[in-house]
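*Asks:* Below, each chain spelled out in residue letters.
Number of protein chains: 2
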Amino acid sequence: MDLVLIAIVLGLLAVVYGFVTSRQVLGADAGNEKMQEIAGAIQEGAQAYLKRQYTTIALVGVVVAVLVAIFLGWLSAVGFVIGAILSGVAGFIGMNISVKSNLRTAAAAMKGLQQGLTLAFRAGAITGLLVAGLALLAIAVFYYVLVNVMGLSLSDAGERRIIVDALVALAFGASLISIFARLGGGIFTKAADVGADLVGKVEAGIPEDDPRNPAVIADNVGDNVGDCAGMAADLFETYVVTVGATMVLTLLLLFNSDADVFAGLVALPLLIGGACIVTSIIGTYFVRLGGGTNVMGAMYKGFIVTAVLSVPLIYFVTQYALGDMNAVIGGENLGAVDPGAPIAEEGTSSIAPFTGMDLFWCSLIGLLLTGVIIWITEYYTGTNFRPVRSIAKASETGHGTNVIQGLAISLESTALPTLAIVAGIIVSYQLAGLMGIAYAATAMLALAGMVVALDAYGPVTDNAGGIAEMAGLDESVREKTDALDAVGNTTKAVTKGYAIGSAGLAALVLFAAYTTDLAELFPAADVDFSLENPYVIVGLLLGALLPYLFGAMGMTAVGRAAGDVVKDVRAQFKEKPGIMDYSEKPDYARTVDLVTKAAIKEMIIPSLLPVLAPIVVYFVILAVAGQENAFAALGALLLGVIVGGLFVALSMTAGGGAWDNAKKYIEDGNHGGKGSEAHKAAVTGDTVGDPYKDTAGPAVNPMIKITNIVALLLLAALAH
Amino acid sequence: MDLVLIAIVLGLLAVVYGFVTSRQVLGADAGNEKMQEIAGAIQEGAQAYLKRQYTTIALVGVVVAVLVAIFLGWLSAVGFVIGAILSGVAGFIGMNISVKSNLRTAAAAMKGLQQGLTLAFRAGAITGLLVAGLALLAIAVFYYVLVNVMGLSLSDAGERRIIVDALVALAFGASLISIFARLGGGIFTKAADVGADLVGKVEAGIPEDDPRNPAVIADNVGDNVGDCAGMAADLFETYVVTVGATMVLTLLLLFNSDADVFAGLVALPLLIGGACIVTSIIGTYFVRLGGGTNVMGAMYKGFIVTAVLSVPLIYFVTQYALGDMNAVIGGENLGAVDPGAPIAEEGTSSIAPFTGMDLFWCSLIGLLLTGVIIWITEYYTGTNFRPVRSIAKASETGHGTNVIQGLAISLESTALPTLAIVAGIIVSYQLAGLMGIAYAATAMLALAGMVVALDAYGPVTDNAGGIAEMAGLDESVREKTDALDAVGNTTKAVTKGYAIGSAGLAALVLFAAYTTDLAELFPAADVDFSLENPYVIVGLLLGALLPYLFGAMGMTAVGRAAGDVVKDVRAQFKEKPGIMDYSEKPDYARTVDLVTKAAIKEMIIPSLLPVLAPIVVYFVILAVAGQENAFAALGALLLGVIVGGLFVALSMTAGGGAWDNAKKYIEDGNHGGKGSEAHKAAVTGDTVGDPYKDTAGPAVNPMIKITNIVALLLLAALAH
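Quick mapping for you: the protein sequence lines, in order, are chains A and B. Each residue of the first sequence is one higher than the one before, starting from 356 at the first, in our numbering. Each residue of the second sequence is one higher than the one before, starting from 356 at the first, in our numbering.
A hint or two may mislead.
Any copy will do: because identical chains look the same in the list, a pair fits if it lies in one copy or spans two.
[Stated by the list, open to error] Here are the simulated DSS-like cross-link-like pairs (lysine-lysine), alpha carbons at most 25 angstroms apart as the crow flies:
#, residue 1, residue 2
1, Lys956, Lys466
2, Lys940, Lys1035
3, Lys940, Lys389
4, Lys455, Lys940
5, Lys406, Lys556
6, Lys1029, Lys556
7, Lys656, Lys952
8, Lys1019, Lys389
9, Lys1035, Lys922
10, Lys455, Lys931
Honestly, the hints are just simulated from the structure, not real lab data.
Please construct the entire structure, taking both the sequences and the accompanying hints into account.
*Replies:* Right under this line is the structure:
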């Protein structure tokens, strides 16, 4: 059977799993009328927001699609549209499952912790498997159509180029939508959250999720459109870009190999993705408490089962695709280059020799790296370890020391992931050169089904807690949802660390694609990518600046939109004085509508920054110092974005999670508990961490990818 | 007259200015007995701290000096010791002037704003000119002894190598002391400041600088040992490293030039430094209010006079040193390389051709860049502009939004300086290749006398305010010192932005010295510095990690030491209940002693990070991937540190200054003024900004330089 068809079947399996499981989830008890009413309001708000967001993005998308069609041809435009639409679909489904499972999780938590966990995790698993499945299907079906239906030949340089351009355009579509979704959703969720807290907890003195707060529905809507829809679109993008980049690199570097081996190599990333969908589905059934109350332990069980089962399956598909695990690929077939030699030194065909076995080992590195990043993230954001406890302790001496310690932890938290990524780069490069790095990244992303499941579980439990509070359910229900939610803070941070970590590897692959493309499309250009070339330094500095500027814009946007929320809530309290004694109902929809408009408005300019920056830098340096230096600066910009962005994103996401859980740790009765001075300081830290971890930090990941992809498209457009 | 002798004379001129002016300052009215008593306590504490700090550093210094002697010879060890001692002397003098001028400034402010400004600024000018003068003398005298006394010949490769190694060792001595001084002083000042605020303002409800607070003297000591001694050592280091690196680069790259031109070129950076000492001295006399109350305007006058007068003087010394401003140097003399060609591509002798006129233009770029950075810093930290006002406004909605907006501003504030530095790199490189960048950096640092004067003025006024408060002087005196101090926040931020900006340029020069050294010392090594080499990526990532880890350590250290202060003050309040009603006196010395011990203990490990990191990275990569990749990773580490460090340092120093002045802006009566909720939020922001701007941020500058210098020394040691 054709390798790509197998991948398509496995992708469809994920979709089937999604449908079957969602029937189970939707069949569960939906709670009482009050709960349904609240959930209905959340659902309505989330759908209204996504509708408006996607309408706005569609306008940008149509313009970009036309530009892609003009500069790169209609096939690329089709790829762009497929990537864009499916990225949107992934977000839409994630949000829809989430808003329907929140009240059911609250209802299930009435029966017990295990029941609540099962329901919330299943809801997460639907989103996770659908994200991975749709991403795999997007590339596999598109590639299948290009090669098997349209008959583009892998052995023809021109037709191979068409395939490459189309795959890059597909990734561009996914990335462009995902940055809007991540940022728009991130601004929405945190503006509502911060705004609701400021005016509710601080000014009016009413608890979180109190139904008298007009911003409370907006806050819950935010969990769904930011943490769920935005996250799903982001991980869809990460998957498509990583697997796509590995295929593109194979197409660019290994075309001189034996035709069968070459075809198998191009399809292998898809097969690895498919294999891990199977193991992710199996893993979901192992997420159970087993008697205790260790929610994080239950999550680990599921992840470990998935990762361990993936090992033999990846071995099997690699052997199946390549035939002989020990046959040498690359190297002598392509011009005898030393294993340690720099990539593409002599043009497009130089690549270190490697075997299928090497790729297998590199895939294991990817699996291992995922596990290590999960473990590090738990250390930095879990309530059982030094970092979170040090922030909680620092809260005793006030707001200032809480924030100082939180910032210190956020800076520190970059160290171990960076060392892990560096080790991953070195070992996989030693094993199989650049292809090794690509396979490590691919294997990381292959686990996306399971990792996203862990993450998407978070907003569901968060919402369930909100519904339990607003519907006035028994205190014990809220306790259970809080226990589930505390883990949610860690799993949410995990996905972000994982996404940015994989982006670190994927960006290297994309940069290699850039240099290889450059050599192929502009053979006469003698571009000097050496650190000794000042234009390389210029590119690195400008690239590293982008995440800072982007982060500043995201943080400011949240502050501004939250200010609007505060004003609206104050106005509602004034207009309807009966709200506080429950004699009047706040106008929830008005606040939702206001945050919607603010988030949409605020997301546009920062999202365009990574799209326009590579183009501007290229043309400015072109004017000042000629084309070769412009290419060098542009290439360095791509690496500058990743070198700068990795640290900004890691520090923001881990720091934000740590602040949030330090607050939860205090609320659990430590350092004075709820209402103490330490708790007030911890609330400040949590507020500061909010836009860090849910707006600016996670959006850096698609930002890095967009910058890289735009550079690839720019090269293609210049060459056309 | 010998060119180097002229530079020595001009350096001595700065010392003479320092002596004459300090007699004037010390001759001024020293206020009443109460003031003298307080100032005496501050002075005693500061001297005790510096004594202990220098004793500790001396222990480390002796060990390092022995290592330098063993691996690089006794001449390098002598250079190291000179650099180290003079760096310490610069800090010591700065501190001493500061502790003697603070009470005199308070006394002068009793007479009027202009009188206070004159005295405080003169005190700053003494430190500024002595820093610049001593730095110039350190290099000029050492170089003079090497060449004119010991008779080392510029035309002999081996003897030239001895000169290079000795100059690098001199820079190393300066840098090593300066990182300890910056970090130790930074931890001291902010631990005392944060601790005093937390327990005084927040817990006991007594105002800032209240004599009942046992930490109040420690807080004032901190201004002198951190902002003054630490800053002076830092700028001494920056000067020595930048001017030294330019000379080293000349020695390495241009030795094939005509002997007279070569000798002139090597001495030219010293002459430019000397010329700007003259203009800085003249400039100090133009810092006057001229009737109004615009303190920042008075500062600008002095700076602009210095910068404008420097233009013809730099032209003159360049012509004097080189003879013909339009004769081509480099280029064809050295093997005909294109102007835009990468540096050192063909070994040590390839350098783009340039003329004296080109160097002159590049020096002007350095002057311009300094002005632009001052202007940008004022925009981001001054109370008249959007950034500070946006933080003040965000304080209205609470602690959280204050910090969010402050972080957003701190991220944003990196953009314009980066763009300015990038523009400076491009234009100066276009004009004169790498030497152009070196001259832009040298001209920036040549203005150090004036820039440090503006900075050192800050802690003097800060202390004067404290003394006025503690001595119970009339409210109007405190108002005047507050007006002077508000500008101090900006000028302190200016120096940090300036130091890190010049470090951006100097690091490029140091990196070029590294690659040139590498080619000379290991001619057989074919090191690939291309971004396509994964070990380059590994080096960039590890380098960018260093400032994050370093920042985390600095922030944590402040938090920990501040916690100790809080506990001690609480204990004193308990042991001596009469403190609050003035019937008992707090034991100030005990708190000073405690902070001293804490700061010394906490400074060691972070300071060793940049010393050990290059060595560890080299040997780890050597073991894993061989020497050529180890050299590549090490080189990339150097650039990674600057790419990462530039943003960390810029964001921390500007952000911290903005937070501080947002508090001041509210205290001026905006957004509710002192005591309002907005003010409390602004105090939190100020506390957060404290370790940002005075501990972690500024110490990044010497950290970058140390990493680079250790790499150069490592090369030399490996080659020996």
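*Asks:* Compare the structure with each hint and give your call.
*Replies:* Okay, the hints, checked on the actual structure:
1. In this homomeric assembly, Lys956 and Lys466 never come within 25 angstroms of each other (Cα to Cα): the closest approach is 43 angstroms inside a single copy and 55 angstroms across copies.
2. In this assembly of identical chains, Lys940 and Lys1035 lie within 25 angstroms of each other by CA distance neither inside one copy nor across copies; the values are 28 angstroms within and 33 angstroms between.
3. In the homo-oligomer, the alpha carbons of Lys940 and Lys389 lie at most 25 angstroms apart inside one protomer (14 angstroms), although the nearest pairing across protomers, at 64 angstroms, exceeds that limit.
4. Proximity of Lys455 and Lys940 under a CA criterion of 25 angstroms is satisfied intra-copy only: 24 angstroms inside one chain copy versus 66 angstroms between copies.
5. Taking identical chains as interchangeable, the C-alpha atoms of Lys406 and Lys556 are never at most 25 angstroms apart, the minima being 30 angstroms within one chain and 50 angstroms between chains.
6. Taking the shortest alpha-carbon separations for Lys1029 and Lys556, both the intra-copy value of 12 angstroms and the inter-copy value of 24 angstroms come in at or below 25 angstroms.
7. In the homo-oligomer, the alpha carbons of Lys656 and Lys952 never lie at most 25 angstroms apart, since the shortest distance is 42 angstroms inside one protomer and 48 angstroms across protomers.
8. Within a single copy, Lys1019 and Lys389 get their C-alpha atoms no closer than 27 angstroms, and across copies no closer than 50 angstroms, so neither meets the 25 angstroms cut-off.
9. Taking the shortest Cα distances, Lys1035 and Lys922 sit within 25 angstroms of each other both inside one copy (22 angstroms) and across copies (21 angstroms).
10. Taking the shortest Cα distances, Lys455 and Lys931 never come within 25 angstroms of each other, neither inside one copy (31 angstroms) nor across copies (63 angstroms).
Going through the hint list in order, the structure does not satisfy hints 1, 2, 5, 7, 8 and 10.
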